[in-house]
Amino acid sequence: MIELRHVAKNFGEKVVLTDVNATIRDGEIFAIIGPSGSGKSTLLRLINLLDTPSGGEILLDGAAIHAERVSALAFRRRMAMVFQKPAAFNESVYDNIAIGLRMRHVPEAEIREKITAALEVIGLSGYEMRKAKTLSGGEMQRVAIARAVVTDPVVLLLDEPTANLDPVATEAIEDLVVRINREMNQTVVLSTHDMLQGQRLAHRIGVLMDGVFAQIGTPREVFAMPKNRHVARFVGIENIIEGTVRENRDGVAAIAAGGVTIAAVTPLAPGTKVCACIKPEDITIHLADGTGISARNVLSGRVTGVKAYGPLNHLTIDCGIPFTALITWKSAEDLGIRVGKAVKISFKASAVHVVEE
Amino acid sequence: MIELRHVAKNFGEKVVLTDVNATIRDGEIFAIIGPSGSGKSTLLRLINLLDTPSGGEILLDGAAIHAERVSALAFRRRMAMVFQKPAAFNESVYDNIAIGLRMRHVPEAEIREKITAALEVIGLSGYEMRKAKTLSGGEMQRVAIARAVVTDPVVLLLDEPTANLDPVATEAIEDLVVRINREMNQTVVLSTHDMLQGQRLAHRIGVLMDGVFAQIGTPREVFAMPKNRHVARFVGIENIIEGTVRENRDGVAAIAAGGVTIAAVTPLAPGTKVCACIKPEDITIHLADGTGISARNVLSGRVTGVKAYGPLNHLTIDCGIPFTALITWKSAEDLGIRVGKAVKISFKASAVHVVEE
Amino acid sequence: GTGNVTPTPTATPTEAATTPLPTTTATPAETQTLLIATTTSLYDTGLLDALKADFEKKYNAKVDIISAGTGKALGYGENGDVDVMMVHDRTREDAFLAAGYGLDRRVFAYNFFIVVGPANDPAGIKNMTPEKAFTTIREKGLADPATVKFVSRGDDSGTHSKEKAIWKSAGFNYSKDIQKSGDWYIEAGTGMGATLVMADEKQAYTLSDIGTYLASKDKISLVPLVEEGDVLLNVYSVMRINPAKHPGVNVTIAKEWTNYLISPETQKTIAEFGVDKYGEPLFYPAAGNWEKIGVNQSEVEEPVA
Amino acid sequence: MGFIIDGILEAVHLIVTLDPDVMEITALSLAVSLTATVIATLIAVPFGAAIQFNDFPGKKVLIQVIQTLYSLPTVIVGLLLFLLLTRHGPLGFLGILFTPQAMILAQMILILPIMTGLTITALSGVDATIRDTILSLGATRLQFLRHVVREARFAILGAVALGFGRAISEVGAAILIGGNIYGRTRVLTTAISLNTSQWNIGSSIALGIILLGIALVVNTVVTIYQQR
Amino acid sequence: MGFIIDGILEAVHLIVTLDPDVMEITALSLAVSLTATVIATLIAVPFGAAIQFNDFPGKKVLIQVIQTLYSLPTVIVGLLLFLLLTRHGPLGFLGILFTPQAMILAQMILILPIMTGLTITALSGVDATIRDTILSLGATRLQFLRHVVREARFAILGAVALGFGRAISEVGAAILIGGNIYGRTRVLTTAISLNTSQWNIGSSIALGIILLGIALVVNTVVTIYQQR
Ligand SMILES: Nc1ncnc2c1ncn2[C@@H]1O[C@H](COP(=O)(O)OP(=O)(O)OP(=O)(O)O)[C@@H](O)[C@H]1O
Ligand SMILES: Nc1ncnc2c1ncn2[C@@H]1O[C@H](COP(=O)(O)OP(=O)(O)OP(=O)(O)O)[C@@H](O)[C@H]1O
Ligand SMILES: [Mg+2]
Ligand SMILES: [Mg+2]
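Residue numbers (my numbering), protein chains in the order written: chain A, 1 to 357; chain B, 1001 to 1357; chain C, 2001 to 2305; chain D, 3001 to 3228; chain E, 4001 to 4228.
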């Protein structure tokens, strides 16, 4: 168990972390997400004892790892870290992966076995004798992961482990992480800027912003129920509408926002200034003459933009206030969506996540 | 215009590029995608004259840049490159961005102006005096982009420019790339492993595989009509079904594949061995008792897996052969999808993209 | 070479560390080592190497020779780091003895310094007395420093002491009239060989001991111009280090070396040394010449007890 | 140990009284060795860069030879140069034997291999991606050199410090080529050597302290410059 | 120039005839300087690493002082060590004056600052991420040192080559501390110095060539070892 207690860190004038608190449970995959420069790498480095907090403490199984007169080595040997910019030793791939094991005096036969297996998993079998310095970005990232994983750490720290990988290689690494987490019960702390990766892998996600965890929760909680508009914005909720609760009947509130009124499930009392967050994929598009829509909220608007978004189409619709919606290409085709088209949008009151401003 | 003619590159024994051919048009955004280690960085480095091809030639506006007795400098000064692992000079951020301009003897006042503007765009205003070596991964990547962009190159080469960036920062960089491409008519060649980025940004995409461009085309072409099963697999088409054309009536073929028969639009004659590619988002899910489905292909099956996939749900369905489908969370909820549920899947004959084996 | 005892650091580290400077307490059967500090000009003639082999055989000893400038050699002696000193600077030897560092000085050989210069002898000093020659060089040098120059050892060596003595004897105040008196007087501050080379390069005059001059004669174009004169006498003596000041110095063998040098056979060897190579002897034996040298007979002929 | 204290006292005395002889030889030492170091730097850095950044047959052998020349004894440098500069030598017409100019030449030759070798080492420590970045930004040859040297500045300045140290502390060539002529080519090391041969240990140590003092000043100036 | 040809011919002759005197002083040179270099390396590398990888007040000053000691004249080293080792000096009881052991000590002291300083420079060239990676992989102090030195091996071996070069080519300390005693403490440089003072230029150059020859051999062996 890793406990972060009021962890603070500044580099001279530059304050990076102010008050980071979290408990990362044994066997958990914990993802840290947050904007570039928010301190994800810094936090991982602090856990790995590569830097010292300016304040607070970090406990590994109850022991404060940065306490004086404590050997960093014993703690470090229980962890392994993959750096955001993995460094290659000026040696062969084999020797690069072997380093941690050799430090632990693992017999060479066992090392060979482990490395062969690891190279297999990361898809680089046959690369043993290549000079690591000449590897491609993605290849080196995978070697770094292998280098960390072969030491069988209790805690695995991964700093943007798949930043340089294509989807196929990413999947292989994610499978590896999930497998070692399941089979060996390793705790994994990873930072990522890939929201989908956080969603796919993590048991819990911490959103690092402005020096603190703005929110910690399951992927579902973080992505569907962000704690504030910053988190909402960051996790990709594009419809964030400022307004005021006008009335509230049995937990269903009417929120007035820039000319439109939105029905939402929330206990907040009338008069409260709020933000209504609606995920684009929760918005249904109907042709303007469509009838019999069951959703509480139905607004009329006009399509102002259509963009490809992987398997989906990303629409912007002006309904007095702008909305964005995601629909499948097929639906878009069926509905004959194009810029200028008049449409109705609908979403359920329960799809509106309301946060106090 | 950049012409790649039979470009080959090997490092000693290791053959990376064998026969790369492409014409990148002026003012085009050309994305190179391909598996890790396929040679994307190598190709960009060749264009930037940082390495010499083992064979073939590269022409910039008709002139062979690697020809002997040709000054690399003149060509290089018309390009700028952002490296996959951006290197920071041991200087301030300001000086890092200024280097290319100073090499061109741009007056210091103009440099200051440009840098201020560039820092604004990449969201790092006020970072001028920071030591570049202490920047976070994403910050450095943005500084590297600024460093390249301020020199107003005719050709901008970007090697995985947003690999270390969160979605918000990525959007800012993408906007920047699109803008300079539109406004200054800069040619942009970028490598990316982010399929969505390729789709969002590129006018055309080249899929680099096994030393050649396996396919070059618009995003639509590449993602909807991959040239072969490898490309199909790489661009994320998960349903790739091997089979044989049984009959073909007016361009609609019946393909026999592992017990099921799939109707597909293709001119291929009976007896041809083919792969049928169906994008997961083109598959519609119906409850087993649904009726009146208009699609040509309707198969019965059972849900074997449900995974979160950003705004969508990713289903695996066993219909004798396995299929994967993407549906919105809402639909999944509406349909009460869960593992074990019996469903029908349907897809149009036109949604099946058939490639010869 | 001797070649019989050649300790290398790897071969005999312990021996060297434990018995670095064999002492008088050593058993007679054991090979003793005598450490001599000598002035460079004496060493460079090769005389000592010639004597050493014979002595080593006769006395079952090993002789180690350190050659250094007179000042440095005396320094080693003062510190008691050697057993025997062999120098040629009577004034400083006297001071050394007076201070109690040395004992039993014996003169074993002598020869003469010479004034050498360019063959065309621009100052015209050939066959003058040393004092006259020096005075002339100074005069002409002051008048025309481009053609007449004098290179001085300038290093407080025995030779330099002798040069100063000649200036003094010619009536000059060395530090006032000579040093820094003009471009004609060049204070080299180096060894004899280098000084001769410099004088040759600059076509200048200089004072040299005969041995070094003969050794470098074929490499330079300078010729001897003044060879006669009492003041040019160059007396080589040997003394041992006072064990009272420095307990531990090798007394027995130091005495044996001294006595060996003044023994008639060795004196004969000295008289003949260099004849085969240079056609003339490099040294005159001190034996029988004590009057000429101007010392007591005992200092030349009486063996050390 | 008395000598050391004597030496320190004498050094202090020589310095505070601005002893003219000592001032003169100190100034000459500084002038000769600084000049030699500057010239050697101007040659060694481009030369080292040319070796490091070009591939040519015999490159490894050349580096090997340069490293071997680290062992070049100063006396040998002095001798060879003497043979060139002597009246009858090929460069005798220059007439610079026993002048400070010749000493500069000697020290420069002496430290060239070291400075070239250390430049190669320094530049080889610059990351390949930094080199590529400089090229990619459109550097001319000279700009490339400037920026790559700038990145390796700590190590290059180390090389310069070492070259200077070797130049100002060497004595073999200085004495052979300069002649240790009082008032003309006597520098600190030759004076130390002379004093030592005269067994003026105190003076030797005093001059040694002064030598280290000016080395400290030079190093400090260089370091301050480097950190600007 | 005749001297140079003479020197080369004499060197060849001395080598092919295996002249016992020359063999002996060559062997001693090699033994003394190699030993001094090995000991200095064993001290300088950990010491340099300790300075480079620890932050403490006065660190910059210490590095400055080490760089200043690059200028330490060999004669001064010789003198100071003489004062220690002379019969009545603090270490006189060791009785190692005028022995190869003392020469080893002198050369080691002489090259320690250079090797420490260059080690610091070499290690400062190792990327911070490599250092972090080594630590992160669970290195003990010693393992950290080993790996970081391994990464900087090119520069560290350059430092060793330089230390060896300085040791084997120095003469001031060797002559003061060793005494240039024939058959006992005569090494190549003191022999060269003696020959030069006797103006046996051919022999000096011959010995210089032999010295460079063994330096080449040593460097080649080290390089081959490095590339394994
Ligand atoms: N100097 C070199 N020597 C040997 N092999 C090399 C060298 N440089 C690159 N390679 C190999 O060439 C292949 C292509 O490398 P490149 O960096 O171009 O790949 P990439 O497509 O950019 O991959 P990634 O997506 O992982 O960055 C890789 O397998 C790499 O290991
Ligand atoms: N040594 C340092 N000195 C000064 N500032 C630093 C230092 N190290 C990091 N920073 C700053 O601290 C902040 C956090 O850096 P960190 O690398 O932890 O960010 P991150 O969340 O990992 O960002 P990214 O997603 O871009 O990798 C950044 O603004 C960075 O510039
Ligand atoms: Mg980071
Ligand atoms: Mg790449």
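Hints in this document: simulated from the structure, not taken from any laboratory. Certain hints may be false.
Stated by the list, open to error - List time: in silico SDA-like cross-link candidates among lysine to any residue, alpha-carbon distance up to 20 angstroms: (1) C:Lys-2202 x D:Gln-3226; (2) A:Lys-307 x B:Val-1252; (3) E:Lys-4059 x D:Leu-3091; (4) A:Lys-330 x B:Arg-1220; (5) A:Lys-14 x A:Ser-54; (6) A:Lys-330 x B:Thr-1328; (7) A:Lys-307 x B:Ala-1172.
Do the hints match the structure? See the list:
no.	hint	result
1	C:Lys-2202 x D:Gln-3226	violated, 45 angstroms
2	A:Lys-307 x B:Val-1252	violated, 31 angstroms
3	E:Lys-4059 x D:Leu-3091	violated, 48 angstroms
4	A:Lys-330 x B:Arg-1220	holds, 14 angstroms
5	A:Lys-14 x A:Ser-54	holds, 12 angstroms
6	A:Lys-330 x B:Thr-1328	holds, 12 angstroms
7	A:Lys-307 x B:Ala-1172	holds, 16 angstroms
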